[in-house]
Each structure stands twice: as C-alpha cells, then as structure tokens.
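So you can see what is in the structure, the chains are spelled out below.
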Amino acid sequence: MSQEGMNGVPHRGKVLTVDNMNPNVKRVEYAVRGPIVQRAVQIEKELKEGVKKPFTEVIKANIGDAHAMGQKPITFLRQVLALCSYPELLNDNKFPEDAKNRAQRILQACGGHSIGAYSASQGIECIRQDVSRYIEKRDGGIPSNPDNIFLSAGASDAITTMLKLQVSGEGRNRTGVMIPIPQYPLYSAALADLGGIQINYYLDEDRCWALDVTELRRAVTAARQHCNPRVLCIINPGNPTGQVQSRQCIEDVIRFAKEEHLFLMADEVYQDNVYAEGCKFHSFKKVLFEMGPEYSSTVEMASFHSTSKCYMGECGFRGGYMEVINLDPEVKAQLIKLVSVRLCPPVTGQALLDLVVNPPQPDEPSYTTFIKERTAVLAALAEKARLTEEVFNTVPGIRCNPVQGAMYTFPCITLPQKAISQAKEKGLAPDMFYCMKLLEEMGICLVPGSGFGQREGTHHFRMTILPPTEKLKIMLDKIREFHQKFTQEFS
Amino acid sequence: MSLLRGINPNLRNIRNSELAPLGMRAWQIKDELRQGARKPYKELIDVSSADPHRAGVKPLSFVRQVLAVCYYPQLAKSDKLPADVRQRAQRLLGTCAGGSAGSYCPAGGIPEIIDIVCEFISRRDDGVPSYPENIFITSGAQRAFVEILNILVNTLRSPITGVLTPCPSYPPGNMAVVMLGGAVVPYYLDEEQGWELKIDELHRALESAKGVCDPTVLYVINPGNPTGHVQSRKSIEEVIRFASEKRLFLMVDEVYQDSVFEQESRFVSYKKVLAEMGPPLSHTVEMASFHSVSKGFIGECGLRGGYVELVNVDPSVMRNLYTLMSRDASTTTGQLALDLMINPPQPGDPSYPLYNEETQYIRATWVQNVKRVLEVLNSLPGISCQPVKGGGYALPRLHLPPGAIQKAKEVGMLPDYFYCSRLLEETELCVGAGSENGQRESTYHIRLCITTSVDTMEEVLRRLTSFHIQFMKDFS
Numbered sequence: 017m018s019q020e021g022m023n024g025v026p027h028r029g030k031v032l033t034v035d036n037m038n039p040n041v042k043r044v045e046y047a048v049r050g051p052i053v054q055r056a057v058q059i060e061k062e063l064k065e066g067v068k069k070p071f072t073e074v075i076k077a078n079i080g081d082a083h084a085m086g087q088k089p090i091t092f093l094r095q096v097l098a099l100c101s102y103p104e105l106l107n108d109n110k111f112p113e114d115a116k117n118r119a120q121r122i123l124q125a126c127g128g129h130s131i132g133a134y135s136a137s138q139g140i141e142c143i144r145q146d147v148s149r150y151i152e153k154r155d156g157g158i159p160s161n162p163d164n165i166f167l168s169a170g171a172s173d174a175i176t177t178m179l180k181l182q183v184s185g186e187g188r189n190r191t192g193v194m195i196p197i198p199q200y201p202l203y204s205a206a207l208a209d210l211g212g213i214q215i216n217y218y219l220d221e222d223r224c225w226a227l228d229v230t231e232l233r234r235a236v237t238a239a240r241q242h243c244n245p246r247v248l249c250i251i252n253p254g255n256p257t258g259q260v261q262s263r264q265c266i267e268d269v270i271r272f273a274k275e276e277h278l279f280l281m282a283d284e285v286y287q288d289n290v291y292a293e294g295c296k297f298h299s300f301k302k303v304l305f306e307m308g309p310e311y312s313s314t315v316e317m318a319s320f321h322s323t324s325k326c327y328m329g330e331c332g333f334r335g336g337y338m339e340v341i342n343l344d345p346e347v348k349a350q351l352i353k354l355v356s357v358r359l360c361p362p363v364t365g366q367a368l369l370d371l372v373v374n375p376p377q378p379d380e381p382s383y384t385t386f387i388k389e390r391t392a393v394l395a396a397l398a399e400k401a402r403l404t405e406e407v408f409n410t411v412p413g414i415r416c417n418p419v420q421g422a423m424y425t426f427p428c429i430t431l432p433q434k435a436i437s438q439a440k441e442k443g444l445a446p447d448m449f450y451c452m453k454l455l456e457e458m459g460i461c462l463v464p465g466s467g468f469g470q471r472e473g474t475h476h477f478r479m480t481i482l483p484p485t486e487k488l489k490i491m492l493d494k495i496r497e498f499h500q501k502f503t504q505e506f507s
Numbered sequence: 004m005s006l007l008r009g010i011n012p013n014l015r016n017i018r019n020s021e022l023a024p025l026g027m028r029a030w031q032i033k034d035e036l037r038q039g040a041r042k043p044y045k046e047l048i049d050v051s052s053a054d055p056h057r058a059g060v061k062p063l064s065f066v067r068q069v070l071a072v073c074y075y076p077q078l079a080k081s082d083k084l085p086a087d088v089r090q091r092a093q094r095l096l097g098t099c100a101g102g103s104a105g106s107y108c109p110a111g112g113i114p115e116i117i118d119i120v121c122e123f124i125s126r127r128d129d130g131v132p133s134y135p136e137n138i139f140i141t142s143g144a145q146r147a148f149v150e151i152l153n154i155l156v157n158t159l160r161s162p163i164t165g166v167l168t169p170c171p172s173y174p175p176g177n178m179a180v181v182m183l184g185g186a187v188v189p190y191y192l193d194e195e196q197g198w199e200l201k202i203d204e205l206h207r208a209l210e211s212a213k214g215v216c217d218p219t220v221l222y223v224i225n226p227g228n229p230t231g232h233v234q235s236r237k238s239i240e241e242v243i244r245f246a247s248e249k250r251l252f253l254m255v256d257e258v259y260q261d262s263v264f265e266q267e268s269r270f271v272s273y274k275k276v277l278a279e280m281g282p283p284l285s286h287t288v289e290m291a292s293f294h295s296v297s298k299g300f301i302g303e304c305g306l307r308g309g310y311v312e313l314v315n316v317d318p319s320v321m322r323n324l325y326t327l328m329s330r331d332a333s334t335t336t337g338q339l340a341l342d343l344m345i346n347p348p349q350p351g352d353p354s355y356p357l358y359n360e361e362t363q364y365i366r367a368t369w370v371q372n373v374k375r376v377l378e379v380l381n382s383l384p385g386i387s388c389q390p391v392k393g394g395g396y397a398l399p400r401l402h403l404p405p406g407a408i409q410k411a412k413e414v415g416m417l418p419d420y421f422y423c424s425r426l427l428e429e430t431e432l433c434v435g436a437g438s439e440n441g442q443r444e445s446t447y448h449i450r451l452c453i454t455t456s457v458d459t460m461e462e463v464l465r466r467l468t469s470f471h472i473q474f475m476k477d478f479s
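Heads up: the sequence lines are chains A and B, in that order.
Letter by letter, the first sequence follows residues 17 to 507 in my numbering.
Letter by letter, the second sequence follows residues 4 to 479 in my numbering.
Everything labelled a hint here was simulated from the structure, so no lab data went into it.
There's no promise every hint is true.
[What the hints assert, rightly or not] Each computed BS3-like pair below joins lysine-lysine, with the alpha-carbon atoms no more than 27 angstroms apart:
| hint | chain 1 | residue 1 | chain 2 | residue 2 |
| --- | --- | --- | --- | --- |
| 1 | B | Lys61 | A | Lys116 |
| 2 | B | Lys412 | B | Lys374 |
| 3 | B | Lys33 | A | Lys116 |
[What the hints assert, rightly or not] So the derived list for chain B, only partly shown, Cβ under 8 angstroms to chain A, looks like this:
| hint | residue |
| --- | --- |
| 4 | Leu14 |
| 5 | Ala104 |
| 6 | Asn153 |
| 7 | Glu194 |
| 8 | Gly302 |
| 9 | Asn323 |
We put the CB at the ideal spot given by N, CA and C, even for glycine.
Input sequences plus hints: build the corresponding full structure.
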C-alpha cells in the first residue's frame, strides 16, 4: 500500500486514501443534494443562531419533496399505514372499514403478520399481483405477469439495480448507456459509480424539450466509436424538463431501440403529473404492445414507478417497483440474485405501494375523501405549473418552456458575459455562480442547470413548483427581482 | 438472442442463497398448505433466517404506537395512547421536513437522530466520544456495508481487493464483496472453542491470499452470525493489533450487540476497545462499525434502519462517502425506529412498565430457547451444538453417517442440504444449511434462528428430534 499521495505528500499511513479507493466513486456527483444545498443548510443554521440576513427563511426549491413543502399526505394511505404499524387500532371504530380491510390483507401477507419481518427480496407476492392488476387496468388490459414485477426502495433502487446488471465489458466493449440531457442526476451518478459509459442525447429546448430520434441516432453512432451502447434511458414525464412525450414519439423511440439493439429503461415516476392541455401519459409498455408482436415479443424493457411523486409525494417511505419485459430467463435469474444482496425493500414502502395501486373504489367509504384530496393536489400542481411559466416568461433574460408535467421548471437564463467571466475566475459553472448568489441574497435554493446537463454555452436552473401557491408567488417575484438586479450588476 | 447476455460478470460469481431450492420449496409448501394439502403437520415453520417477528415474537408496543402516530398524527388527538408515545411522535415529526414521515431525509440522516446516535454510542462505550460527521444512517446496516465496501474495493487495480471474511459468515456480506468485484478470503472460526476467532488463523488466511489478491479489509462479526460467539475484550484487542500491523481496514458488524444471553459474556464494542488501547492505535486504525434495528429486542428487519460509524477515516474519503450516501435516501421509518431503539422508555415514563415487561419476556425466551436447543440437540446422537452466547442463531453440527453423505452425492445435493431438504419435506420445518454460511471441508451444519417464541422453539425441537432420530436410523 503506497505511503505517498499523488503529490508526493505522505498520507500519514492511512490504509484508505483517495488515491487507492475505488476511483469510480470520486466521479460521483449528485447536484440535487450537492454543494448548493449544503450551503443552504448552513445558512438555515446561521438564521437559527440569529445571524441577520436579507431574508428570514430559506426556501428550498431544489428537491422534489412535496411534503417538505407543505403538501398534505393522503388520509387513506396514512390510516392504513398506522393500522399496519399498530394492529390494535383495528379495534378503533374511528378508522373506516376499507382501510382496515387493506391493512389486514397486507398484514396477512407479512411474515408473522408484522411489517417488521423481512419479505421476499423481490417483494411481497400479493402486492406484486396487485401491481400487475394495476398495470393491466392502466394499459387497457395488456397482461402483466407478477413474476416480472420487482418491488424496490423507490424507483432509484430499481434503476440502479438494472444499470448494475448491465454494465460490463472492457475498453471499447464497455457498456454505454444513453441518457437524456438534461437528465435526473441519479443516472450520471450511477454510471460514474459503476464505471459505465455515459452517452448523452440532447433534448430539443426550442421544441419544448422534445426527444428527436435523429438526435438519438447521432448520439449512438458517435458512441459506437468508443464503447458498446446497450441501454437507452427515457424519463417520461421528464425530469427536469417536464416534457410529456407524444405517443408518436414513444413509438419512434421503441422502433429506434429495436433497430439499434438497445435495452429500454422507461422512468415513469411522474405518470400522474400531467398538466398541459393536449398532453397525455402513454406508458411505454402499452405503446410497445400496441405496436404488435414484432416489437412486443422482442424489445427488452424495464419500466419504473414510485410512491415518491404523483399525488402521494411519499418520498420518505421508499416505495416503488419495476416491470421487466422480455428479459432472458437466465438474466432474470441473475437479477433475482442481485436484488437478494440488499435483502428486501422496506416493507412499509411495499405496503404504501399496494395502496397506490389499489386505491379506494367508488363503492368504498374512503372513496370520496380520497378523490377529493387527490384532485386537490394535482389541481394545485397544475395551477402552479401554469403560474410559474407565466411569471418567468415576463422576465427579460428568462425563457421558460411550458411545464407539461412532473414537478419542475427548467428555464433558460441569459447571463451577461461579465458574470460568466467572474464565475470562471472563481472556478464555478456560471449557473452555479448565479444560483449561489440567489441563495445568499434572497434565501432561495435552486439547483444550477449544470447539475443536470445542458447544451454548451447555455445556462439554466431547476426549480420545483412544490412550495404552496402563496410562497411560490413570492419566490417567483424574488427571482424576477434578482435576475434584473444580476443582469444590471454584471452589464 | 437476448441483448443482456453480456451482463456484469461479477453477478455470476455470487452464490445463490435465498433462492436455493430449499427456500423456494418452503414457499411452495406454505402455498400448498394454504390450499388445503394434507401433510404431516398443519403449519410450515421457517427458522432459517433470524427474523423474530416471522418466528412469532411480538413487536414492541412503544415502537409501533409511536410509528402509528407518526404516520397518522390525528391519533395524537385522542388520549388512548400513552402521553410519552404522543410526545415522542411529536418530537420525531418535528425532525422531519414539513413535519411529515413522508419527506426525504437529509443526506446522511436526520441531524437530530444522528445526535441521539452519538449520545447512545458514547453512553454504551462509557464516555468514549462519538461525532456526528462520522455517522451515516442508512436503510439497514447492509446498505451501509455495501457502500463502504464500494469505496474500498478498487477493481481498476491488479490484483483485486481482498476481504478477509469469517467462515462461517453472513451470506449477504460475502455476496456484497463478490458483487463489487472483490475477493473473499475466508478465515475459519474455531468450532471446538465455541467458534472463537484465532489470530493464527488470521495470519494463515492472509498468507493464503499472497499472489491471489490484495487483502485490504478485515470483516468481523461480533456477536457472531451465525455462530453465536461473543468476542472477549482480549480477542478484540488482538484483532485490532493485527489489523493495524497488516494495514487492514476493519469492518465490524455489531448488529447483534443487544442479543447477548449469557451473564458472563458481555458485549464490548470495537470502538470502545480501540479507544482504550490509546495512541497510536486509537488514532490510526481505520474502522467502520455497523448497527441495525433488525435485531435485538426491537427485531424490525422489514423497516430497514441502521447506521455506520466511521473511525479514523481520511477526511477526503469521508467527503466522497457523503456524496455516495446522498444519492439515495434511506427510509424515514427506519430512522425513526433507530431513535426508538436506542432511546427507549425510561423508568418513570408511562410506557416503561409495558416496555420493560415485553423486553424482559423476549430476553427470557432467548435464554430459554438457547438452553432448550443445547439440551435437546446435545442429547441426540449425531448432532452437537456449541454454546450460544449471543446472536440470532444456533449452528449445530451434523455428524452424518457415510450412508447419508453417499445418498446426498447420488441425488446431487450437498449433504447438509440433503438433510435440510428431507427435514422440510417430512416435517414442514425449514432450517438453514450450513453450506450457505461456509464451513470447514467435510463438516456439515444446520442453522436455526433462536429468536422465536418459546412455543415455536418447542415445536421446532419436537419435529427436529423425531426427524433426526429416524434419519440417523435410516442411514446407519
């Protein structure tokens, strides 16, 4: 074990150093919780200690965490979870019958009737069956096999698992994975960690972040020079862009994947978050099967969903699943082995997922309240999406595409050359420089576009549309004010 | 021809444990029974994994009451639940963003709970300080274990990173090493001496790695899993010295620290011993210790809560670790359960009497179960069991007649799998086969969870005894 670092300075005899540790780990970044968030947390501490600032609180619009921003949990979901946790409450007549029935069913499927027992590593069987039924219903009857369902700790767990499964090969044969730019940085972080090759394909900002197959083709052809492209990742609805893919686009992507022999990964966690007129969520699986057996029996795919977004916003419970399609049985056996290394997904997350795929029905006592709450959440998000686009587009130097879906806005910001130069001097990406200043002066925490990827020479930030409407309005005004000031200051 | 033929080659090297035919067959039998199939016994008993709730132990009331209120805060409005339950839930919800158990936890863990973990560790270790920046709360100890290994295993070097692992071991620990591209270097625990860890054996194992891999990590499990051995202070000191001398990073799985049954054996943490050995060791030996809510009295395997404490790790490495940990949040539930485990009701609290009663009862059942297992199995011919001082399992040794070993070969099964398979078919009792954990060549073991209810254990012993006597007769 070398005693000296790369600069010749001894490491005081450490066994584990940045020089000998897994080098892939050094390349891992995750902007959503990166340096700007760490600074935001520090500022919050300072505020608590009484340090005077131009603002009294930090508005954290960096992470897609609805509850953190005041969104209320859905009553039915929480009632069932409480019943599962402390089954003595089943004797309490304040809980509706349908909540009790769900809880009893879930508990019966758990070892020792407790959510504290390990489950099978693929997930509790009756919940996987419920997920299949949900998918069938959603996709107009196209069959779903519970054996193809893998429950997971959020969609992130399943996405990372599939990438882990597929990254292999040496040198020019190393697995390449196509990801959208801009992307949700879990993908780039996972690829860095696994030593997979990241292949960027650019979404078209001028056409509302549309996915263009010509661009996919350009990217994969260029990539074949130096790696073995094997996977194509799609996020629909998009994060951070919010674009909702048209059916035609999805068909084109599937055709492309088949032509280029690519495994499709469809991240669909925002499937209920669709706001714009004329936009509709189409599941990749549904479209695949409607394209006929030439595609549906050959294209290999995994679709991902989660309990963290949509109307539930239950990020902390880590509920999710993936459905795998046309996976080679030998590969599936390896996948089953791989998921067993992490033992099992959190059982409370599995229980929550069961309720999401098996919500109150019209003839059940909780139905009215459930629908009311669900509608209110989605309506509020739709309104905030519209408001955000409207306000940002009144600011000279900010250009905001319609927020068709998901929970974010990713506006393009024009930065004066002087600002760009100063940022470079400080060793910061220009949009990081911008966002840091916004944080220090206005107490608003956003994530710079450089954390998600963007075309060279363009700058963006990602803001969530999750704060309550009143706070959102204030935030939008402050950003408008800040942008004008910033532009003036650096002109 | 599938696209995915060329998958990550490390995966093929992971030995399949959970889905071994035994596990699958147990699930099948359970289904058959549910559908009304006629079998010698009406119920399948599965004690192959240390899952207390599955094996009939009741969850702790305080823990579940607090969680219920955290999930559905309306419950705090009535006074059906004790005051301290409501207060604790209120305090815990106050640590969650937006006051909801459904929001993401901060990277590394909820700061207030990390502080409680530090206090707990310090209290446990008679005042040895613990610092928040060295603690990461994760979804179970296993997640932390994999991430630390991820940093340690450098697959871009040659030879590959070696991890000294105990034999018998905890299978998911070994699987993680293989999955990450590391090499498992087994060191054999001494069965005749109650599964003691012998330094000579560590030396031998290290020697055996020469030219094969680059040993960087020493993985220790204390209390032992599945062996039930509890390390003496002296033994821990020897291991620490060895790690220091041979420049090994220590990974210490201490998830069973609350499960020590014998009065004479006491758990002492590696951290405490290291600190008390003083400089230079206390300032230089690099270590990660793991704890979890899956074991002990709380037994909440399914909630996925745990933490790792790092000692003497390079600050730049810590920064990288922080980024790694921040990519994927752990469950809020797991973090709350951690608080409830290490910060239980105290005398004077309204919930204390019930908490005390429940935990004492659980402790009494462990002691009773261990006593019965040793009594019964050590009185049978062809089976013997070392004392179980702690942990979650007994690991009895099978002294199989040559006829049985021969028959196993004929049907293409490892001898202990063969025994377990017959046991399952004939008595609907599922125990683990020692081959899963590793064992010395030509020795055979079975593994049974001792954190079950008393009644379950009696039934287990009944079925096992009648089966074993017949089995030995059949193959002698």
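Structure-based check of all given hints:
| no. | hint | result |
| --- | --- | --- |
| 1 | B/Lys61 to A/Lys116 | holds, 20 angstroms |
| 2 | B/Lys412 to B/Lys374 | violated, 34 angstroms |
| 3 | B/Lys33 to A/Lys116 | holds, 25 angstroms |
| 4 | Leu14 | holds, 5 angstroms |
| 5 | Ala104 | holds, 6 angstroms |
| 6 | Asn153 | holds, 6 angstroms |
| 7 | Glu194 | violated, 27 angstroms |
| 8 | Gly302 | holds, 6 angstroms |
| 9 | Asn323 | holds, 5 angstroms |
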